[in-house]
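Put chains B, C and D on the given structure of chain A with help from the hints.
Protein chains: 4
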Amino acid sequence: MVDKIGKNKDNHGRLLVKCPDRPGIVAALSNFLFEHHSNIIESSQYSSNPENGTFFIRIEFHTENLQENRLKMEEDFKELATRFSMNYRFTYDNDRKRTAIFVSKEPHCLMELLWEWQNGDLDTDIVVVISNHENARGMVESFGIPFHYIPANKEIRKQVETEQIRLMKEYHVDLLVLARYMQILTPEFVRHFPNQIINIHHSFLPAFIGAHPYERAYDRGVKLIGATSHYVTNDLDEGPIIEQDIERVDHRDHVHDLKKIGRKVERRVLTKAVRWHLEDRIIVEENKTIVFH
Amino acid sequence: MVDKIGKNKDNHGRLLVKCPDRPGIVAALSNFLFEHHSNIIESSQYSSNPENGTFFIRIEFHTENLQENRLKMEEDFKELATRFSMNYRFTYDNDRKRTAIFVSKEPHCLMELLWEWQNGDLDTDIVVVISNHENARGMVESFGIPFHYIPANKEIRKQVETEQIRLMKEYHVDLLVLARYMQILTPEFVRHFPNQIINIHHSFLPAFIGAHPYERAYDRGVKLIGATSHYVTNDLDEGPIIEQDIERVDHRDHVHDLKKIGRKVERRVLTKAVRWHLEDRIIVEENKTIVFH
Amino acid sequence: MVDKIGKNKDNHGRLLVKCPDRPGIVAALSNFLFEHHSNIIESSQYSSNPENGTFFIRIEFHTENLQENRLKMEEDFKELATRFSMNYRFTYDNDRKRTAIFVSKEPHCLMELLWEWQNGDLDTDIVVVISNHENARGMVESFGIPFHYIPANKEIRKQVETEQIRLMKEYHVDLLVLARYMQILTPEFVRHFPNQIINIHHSFLPAFIGAHPYERAYDRGVKLIGATSHYVTNDLDEGPIIEQDIERVDHRDHVHDLKKIGRKVERRVLTKAVRWHLEDRIIVEENKTIVFH
Amino acid sequence: MVDKIGKNKDNHGRLLVKCPDRPGIVAALSNFLFEHHSNIIESSQYSSNPENGTFFIRIEFHTENLQENRLKMEEDFKELATRFSMNYRFTYDNDRKRTAIFVSKEPHCLMELLWEWQNGDLDTDIVVVISNHENARGMVESFGIPFHYIPANKEIRKQVETEQIRLMKEYHVDLLVLARYMQILTPEFVRHFPNQIINIHHSFLPAFIGAHPYERAYDRGVKLIGATSHYVTNDLDEGPIIEQDIERVDHRDHVHDLKKIGRKVERRVLTKAVRWHLEDRIIVEENKTIVFH
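Chains as they are written, first to last, in full-length UniProt numbering: chain A, 1 to 293; chain B, 1 to 293; chain C, 1 to 293; chain D, 1 to 293.
Just chain A, with the same shape it has in the complex (with noise of 0.2 Å):
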């Protein structure tokens, strides 16, 4: 298998690492990339502090016949990772996560997905669509993409995320996209997925954290307004932020309008953050990210 710009995806990796910082750490793994006949394609790192501080690193690389020794070299890691106290993995091109949507009434952030998904920009198997609306079952079905319908309401919460949860586990899902899906998940639902569902927010956050975020950037008279896409934690709207963006507006917009100029907003911030988070790009440190571009 050939990507687009002629590199085997078979032989290449990434390895993410997270460790008390001092030095020789990035010594040490380049040494003991190169012993594993492993070149570095891109590697970027960060320091939370020079003295003292956390230590970041990721690192793609390309090995020959990488698929017949990435155990071993797995294997062989553990010794170093030891050593230097390391929080770390291993992921491989050719292992793609996959991926389920939850979607509401809404269709534009799905769609974009979709579509950059169709596209080749998003390396993720798109599994399943989850929503408590019918009316994004034809599309998702032209795309070949398995979609079902569970009604949601307060009164029936637990019942419907058993019931989520179950085809989570069914389609073996790495990663929950929640694509402006309006129902709250309980601490239970979310304590199953730590740092792997990404939701979007329609504000900039913190501002107009919980409902009608366009309503009342109306009322208090906004210039900009914006998008926010975060990892779910159990505090609404407080998981750590990993993309926002803004678009500009004008007293003349209406709340109708800043919906409208909002979607467009929603629609990049989300993707982007589904797209680093799919290349690994994304380490969660305390309530930030620390996003590899």
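The reader is advised that the hints may include incorrect statements.
Copies of the same chain look alike in the list, so a pair counts if it fits in one copy or across any two.
Each computed BS3-like pair below joins lysine-lysine, with the alpha-carbon atoms no more than 27 Å apart [as the list claims (entries may be wrong)]:
#1 Lys72 - Lys259
#2 Lys18 - Lys72
#3 Lys105 - Lys264
#4 Lys9 - Lys72
#5 Lys259 - Lys9
#6 Lys97 - Lys260
#7 Lys97 - Lys9
#8 Lys154 - Lys78
#9 Lys154 - Lys97
#10 Lys272 - Lys105
I should point out that these hints are in silico values taken from the structure, not numbers from a laboratory.
Coordinates of chains B, C and D only, in the frame set by chain A:
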């Protein structure tokens, strides 16, 4: 006196009107101006709601021998204003507004204003700068502008404001710009200058209202930082927003980086707001602004 | 028929005027509309030069029983138009413009237009899509829009254009959008549709006129890539510019990345230009556009 | 000497490397630094092509007692550099670059540089300002910087440049910034300062190469105007681009408005380019730049 593009400023004026919307307003206004030998140069209008809303218009006009005729024109206008229940004001290029600037320690917004003013981009007389620190004196006086040092803190707020108000009157100030003035103004002070005080807040309001917005932006892990210029009302950071803008930041930016990046946004956001105010482009309506660019 | 914010579209119209500037135009127009029981909803004007220039105005108005009265209104207007040497046109919300789209292989601009149209954000009937490739047929027909495949190349250009013009007439097309149609149109073709053909060029014109702009942007090492929508004239990529926008790139972006990033810019720039055209917000003056936002 | 975030500048250095790409470079470099008691603070790399391309890396490091050890470190590095055919340079925070600025009549770019420098945002010594006009003398000297007036025109170019080069040497200049210096420099002059002269061109290159870009932007009716900072080579406006940015304009903006708006873009684009150069973030490769932000 002739400005850069050759218009005689003596003959230029502006008319701002707000009134209940109903048919015939534009016709009445344009007839009035035509009959008073005035040519409409630029006109912008806005109606909050086609039915039963409020109508706003800003007209720039050119009148032969305006200086001789303006009193009669204003006198004649009263009948029309009464007929349509208009709230209005005439202003003239020749009557330059008189601006005071309050500043604390950080001089970047003050500098930008002085610079734009020196370039001829702010059509005003900057008549006085008042600060609770001495450090800007040299720079301000090098522009030939009087500088007053008035120490300020909570305990002496009342007497400080008394002195400030005295100076505002002595200098016949029309507009007061808070160019990073870090003292709170009391409702008594604000009451003297309704819609005449412009502040720059160093966040994208309503996010991070109050003190230390950059520190809080850093703690929240936002991906954009902003600045907001607004008219000052009694409610801290709640006044009508005039302009907002943002700049992108990332995980590598510590608080002092946010401040440095933020300075650039603050400078341009405040300067725009001040320019629009000086050009009578802003109408305040309840807690919002209508800005006719 | 009632639109989203409750206005009756039957009674809405627009008047665009261009004439030599002189005192009294606004008064004459607003009197005319007032006497014809029309209320001005929105009005924007521009004068190329206060003395001896050209005057442009766009007025949106609401008229009771517009459908019965429009013929008489247009008839009555002729006297005024003659008096001021006006070039003008009336348009009505009820007369939706009929749009054709030409596309070649890359479907992203077509998709965005269809999508915005389906959302109700483009007030037009998309009556036909014509392509020199078959690949968009399924998608277009799924929207219920006729799709015509007309193979194209230099050798058969004349007969291709004859067939295209025949279809334009058959479908009563008012606006032709070139949504990444990669064939050159002859002056004969263009002459049939003055200021009625909107193209998207994948560069920030006048940089990279002609073929392969992304390749040339890559070779020059630019830090921003752009897109330009413009009316098509006989001179390749030289027509009046309607809208432009850019996106940031860096040294890591190869040509295929520029293309991917550029697609997003192209989509939004073309859609804006088409929307403004459909809302009669654009007046072409010599080789420039006046766009009343 | 301690900078704002508490790092001891005496012990900070940077290493920039360019060499043929092959496995093991990062390992070799990081081992070298580790063995020389240096901790990597920040590292960015780029490979023009994973197979057979060129490899670039910028490393910021911290070394205990760097001042005593740097000579030995540089000496030791030669072996490694030879082994990998590296083109490289070490720089040290302690060796501040010495900057000269050339300016003609318009002072805005000069002002912005002086200001940023005074704020501590440009880590350099500005050692001299040279102008073919006298008007900036007062301002420059108020910053304590020597100002030299050298009249310039085509006829006396040779003797002017001789004098300029003499001053460059006298002041030991490392970087020459053309802050809107409107005289052409000869190839002889440019040859003395390879990749050491940064110019600001007042257009979005390659649009509007050469003279009067704002006038030509106005004539073309563009909707965005831009500015470009680039290294100066023998070919006018063709040197490697460092940074570009744009600002939106519309049909109401005459040439003098474009110039006014453009000044703001020029200021920020030039300042960014100069900062990145001073921080050794730029590597020139053929006619492009790699900028490690």
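Checked hints:
For the homomeric pair Lys72 and Lys259, neither the shortest alpha-carbon distance inside one copy (52 Å) nor that between copies (39 Å) is at most 27 Å. Taking the shortest alpha-carbon separations for Lys18 and Lys72, only the intra-copy value of 21 Å comes in at or below 27 Å, while the best inter-copy value is 33 Å. Taking the shortest Cα distances, Lys105 and Lys264 sit within 27 Å of each other both inside one copy (16 Å) and across copies (24 Å). When the C-alpha separation of Lys9 and Lys72 is checked against a cutoff of 27 Å, the pair qualifies only within one copy, where the shortest distance is 19 Å, while the shortest distance between copies is 43 Å.
In the homo-oligomer, the alpha carbons of Lys259 and Lys9 lie at most 27 Å apart only across protomers (21 Å), although the nearest pairing inside one protomer, at 40 Å, exceeds that limit. Taking the shortest alpha-carbon separations for Lys97 and Lys260, only the inter-copy value of 22 Å comes in at or below 27 Å, while the best intra-copy value is 31 Å. In this homomeric assembly, Lys97 and Lys9 come within 27 Å of each other (Cα to Cα) only inside a single copy, at 14 Å, whereas the closest approach across copies is 44 Å. Within a single copy, Lys154 and Lys78 get their C-alpha atoms no closer than 46 Å, and across copies no closer than 60 Å, so neither meets the 27 Å cut-off.
For the homomeric pair Lys154 and Lys97, neither the shortest alpha-carbon distance inside one copy (31 Å) nor that between copies (46 Å) is at most 27 Å. In this homomeric assembly, Lys272 and Lys105 come within 27 Å of each other (Cα to Cα) both inside a single copy, at 22 Å, and across copies, at 25 Å.
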